[in-house]
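A.B. asks: Chains A and B are the protein sequences, given in the same order. Per this note's numbering: the first sequence = residues 1 to 305. Per this note's numbering: the second sequence = residues 1001 to 1750.
For the record, the hints were derived by calculation from the structure and aren't laboratory data. Please read all numbers here as calculations on a predicted model, not as lab measurements. Among the hints, a few may not be true.
Cβ pair distances, simulated, as ranges [unchecked claim]: (1) B:1129 <-> A:250: 53 to 61 Å; (2) A:212 <-> B:1118: 23 to 31 Å; (3) A:250 <-> B:1158: 38 to 46 Å; (4) B:1129 <-> A:45: 35 to 43 Å; (5) B:1118 <-> A:250: 40 to 48 Å; (6) A:22 <-> B:1228: 23 to 31 Å; (7) B:1195 <-> A:50: 36 to 44 Å; (8) B:1039 <-> A:112: 53 to 61 Å; (9) A:48 <-> B:1118: 21 to 29 Å; (10) B:1039 <-> A:26: 52 to 60 Å.
Okay, the calculated bits of chain B under chain A, using three or more residues with CB under 8 Å as the criterion [unchecked claim]: (11) 1078–1086; (12) 1155–1163.
For each residue, glycine too, the CB sits at the ideal point set by N, CA and C.
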Amino acid sequence: MYQNPAINLLSPDLVRYHFKILVNKLLLILLVFITIHPPSIAEIVSLEINSGLIAQADYRPGDSNKPTILLLHGFLQTYQFSIIQSISNELSDNGYTILAPTLTMGINKRSQSMTCDMIQSHTFGDHHKELDNWINWLKKKGHDEIILIGHSTGALRLISYTSQKNAQRNNITRVILISPTMPGATNKPAVLKNNLDTAHSLIQKGNAEPNKFSLAYCSENYISSAEAYISYASLTENKFFDYLKKTDIPLAVILGNNDKLIPQNWYNQLKQAGANITPIEGANHFYSNGNEFDLFDAINGIIEQ
Amino acid sequence: MVTKRRPISGNQILVGFLLISILLFSLIGAWMLEQTREIELAIETSNQQAAKDEIQNAVSNTLSHINEQIIKLKSWSEIQQQFNNPVFYDYWQRNRPQKIGIVHDHIKNIELYSPDGSTLRQSKAENNALPNRLPTKLTYLSRNKDKLYYYNFTEFTDPQANKKYGYIGARVDFIETFLDINRFRYIDTKSLKFEIPDTTYSTVEQLIPNIKYNVVTINALHDLKGVMFTSFFNIIAVLIILGISAYYILYRFFQNPLQILSSYINNFRRNQNKSATTDITLDQLVTKEIDTLFNSFKNYQNDLNAMHSNLNKKNTELWRLAHHDPLTSVPNRRAYDEDWKQMTSLIQGQLINISVMLFDCDHFKAINDTYGHATGDSVIKAVASCIQSCLRDNDRLYRLGGDEFAIHVINATPDEIDELAICCQNSVNNFSFKELGIKEPVRFSIGIAHASGSETKSLHELHKKADIAMYQAKKPGTGKIVHYEPELSTSPIISSRYLQAVYEAIENCKGISLHYQPVISLTSPDESFCEVLARLEDDEGLIMPSHIFPIVNAEGLEVEFDLAILKAIKSSLETGAIPKKTRLSINLGETSVTNPLIYNAIKELHPYLNNYGIILEVTETALITELHKATEILTELRAEGFLIALDDFGSGYSSLRYLASMPVDIIKFDILMVHALESNDTQRQIAIDVARMILSAGYDLVAEGIEDEAMLRKIHMLGFTHAQGYLLAYPSTEIHQPEKYNIHQRSNTA
């Protein structure tokens, strides 16, 4: 009978080896806990927005000498989304004041990410009011220097916001767009066009009933009013460039070169549009697989410029 | 009285044990069943209460569950969305709640109401599930066909904002929820039945009495009872099987072999004198232990048989030795007595004649003395052989002792008896005793007595009668064959009175009357002594030696009689009946001199030698018979201080050679020798010469039978030292001093 003489789980050498590894791991965990997760005071703050809804945000006060970071989540998400939480933790640890609001999307005190089949009745522009309210709230709190950081569609919302002329922009000192993209960027153009036609048709018919559409990763199960759908699906690359042009606040873009949820050749397009881009090698849309630290380095680098 | 209890057989013990076991087990089983029934009742009561509690808990639990679901429902963000913007409520109400999965399956329908109680629905079409307007009662139960629905209308508010958005109405399938979320232990779920009338309940508690159910059957107890019954019967079956097995084993391996062994032993006991016994084969015994036991017993039996056989042989030999005379090989006295006893018991009361024939050799003692014992024995053997040659087939010859023989003769006529006696006499007479070295003729005296079986007394006295007849036959001048006649019983020699007196004296020392006859010294009064003479005394008076000694001699009682006399003398010495300084001469019989008993009795007199002089008178026959032994004993006694007197000198062989070698102090001339002194022939001269010779040899010489003065003078003149006779003194019970007789004066005068 075959026996592998090398495998002997109880051999003293093997036991000693595993013990060393275990000790090293414990030391590493302890080090990471001490260095990466220093005590920070997180606070859930609520804010009544103009529509009467109450919005909530993750507020972490930091060093008043440092700029305040407003961090915005992506499509249908909340501030509890993993990458938002990671960046919040990183920047908070670095002494920055963080405010990470969850957009209400018509839901009072929304705390859960929305599913595709939830009725979407809010428009893309509805977010501007909430951002205004939060920036105003920060200003009242004494945060005059605000850096906006958005991820994915959140980045799109921010550049859409900063492209508009309003009183609050004066306090915004920098905009960082992490993997900015449009909701329909990954949808087939024909499908998107067809859905937009349907939406327009419904409006024309005066049918106010929600309808099933396709948008982003929601394939034919995105329940939305026609108006709301159009506000998202009509956001194209050109619209983005238009927002880019209109934004006169220092702006930086961080892109992973392995991101599949952004338009094709998006890096070059942005480059051509004059965007300051920090590429991250091998990173996907959510900077998983160890690229999270590269992202942090990139953000810190941009903020400190 | 202690009675032995009858032993109990192994079968009875086994059956008894089995029955007791089954009975005991049945009692235990019945007790356990009763206990189980009681437990069952207790559990049933407990279970009913538990089931009641379980229903209440289940209802309460169901209500809690529904409330939890409603709370969850309230946290659903879409509810908030619809309250905030109910534009698409109709669409949402139709599509979302049931599809999204947040609403639990038990909540069948939900409806949102504005704070004023109107539904958020744009379409006012009637909703079958929930009312369009908020009802007055916010919770209630209502039956709809076979369903029971629980309706709950709860406020939806934002406490922080202190804002009331409206109400959430939910319809829940109560029974389905009730059954789904509850697990029943004491209630049979299949039996659950909601017997609810078509009505509405404001509270859930009102529902409880209408919930019907069956309490779960206590299967465990039923199972336990089943197991108990099964076990009970199984154990009984096992007990029976074990009992039968045990019976078989007991019977096959122990009882049967033991019975066989017992039969064998009984058979052996019944046939112990026979060699044939039923043998046992080994396979009958089965067990090793019993086989070993049997072998041990068999060995024991063999040993016993061998011992028995040996014992029989020894017994036969012993019996033969005990019942036969070793010299002649004819039955002895013991055999005679036993046969006689048996014979008399057999013929007693029957008309069967029986005769006893006694034989006694005349002068056998003299033959024995003259020719020695070896010759005497040859004579006895020859006589026995001669008598046996005349006996008939059924006659038996017995040697009763010494020269005495006897024959029992059954059913013989007097003539036949005579013929037999004559035959015996002739046979003896014709025997050539010369071949044995005996010159004198050997003659036998025969005494015969007859009796019939019907004469019981005669039968018992038959031997005695034959004895009397035999003594009669011994008398000189009578025929040597004498038949008993009643007249013979009066003969003094064999008078039963004298016989009785002799035996009384010997056995009990009674009736002995010691007489003393002085032997007067002719030289010095101090040398006189008294001869102790034995007399017997009974109620009829004194019995003289002439009647005593024939019986003593005839019965061979010399030693016994002498012992009795010595005992009487000792008693007189002890009591002081005999004056001190008295010299006594005591006669010893022929056979007594060498007898150890007599020797011991004489030795007992030794202490009296200090105060008395004791002279032992022995006859020359006694000395000659066992010369060496007698010489040795008498020498010893002389050395101790006893004097020896030779009595009746001249009546026997009177061998001077013997006299010279004998340890004798005093010679007593027999009366015949004294009388010879008065004759005028040669005998006188010889007697004088013998007397002078004795005197000159230094012996004291006593003249017996001095009855007149002339004789006294003569012996005095011849030098006799002592004189004894009626002239000097008659035997008397009293002892007189020698001076009384004035013998010296009389002898000097003479």
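A.B. asks: State for each hint whether it applies.
C.D. replies: To see whether the hints hold, each was checked on the structure:
A hinted range of 53 to 61 Å holds for the C-beta pair residue 1129 (chain B) and residue 250 (chain A), which are about 58 Å apart. Range check, residue 212 (chain A) to residue 1118 (chain B): Cβ separation about 29 Å, and the 23 to 31 Å hint holds. Between residue 250 (chain A) and residue 1158 (chain B) the Cβ separation comes to about 40 Å, which falls inside the hinted range of 38 to 46 Å. A C-beta distance of roughly 40 Å is found between residue 1129 (chain B) and residue 45 (chain A), which places it inside the suggested range of 35 to 43 Å.
The given range of 40 to 48 Å is broken by residue 1118 (chain B) and residue 250 (chain A), whose C-beta atoms sit roughly 53 Å from each other. Between residue 22 (chain A) and residue 1228 (chain B) the C-beta distance comes to about 58 Å, which lies outside the given range of 23 to 31 Å. Restraint check, residue 1195 (chain B) to residue 50 (chain A): a C-beta distance of roughly 58 Å breaks the suggested window 36 to 44 Å. Separated by about 56 Å at the C-beta atoms, residue 1039 (chain B) and residue 112 (chain A) satisfy the suggested range of 53 to 61 Å.
With their beta carbons about 26 Å apart, residue 48 (chain A) and residue 1118 (chain B) fall inside the hinted range of 21 to 29 Å. Range check, residue 1039 (chain B) to residue 26 (chain A): Cβ separation about 58 Å, and the 52 to 60 Å hint holds. Only when three residues or more bring their CB closer than 8 Å to a CB of chain A does the claim for the stretch 1078–1086 of chain B stand; here the count is 6, and the claim holds. For a cut-off of 8 Å, the count of residues in the stretch 1155–1163 of chain B with a CB near a CB of chain A stands at 3, and the three-residue condition holds.
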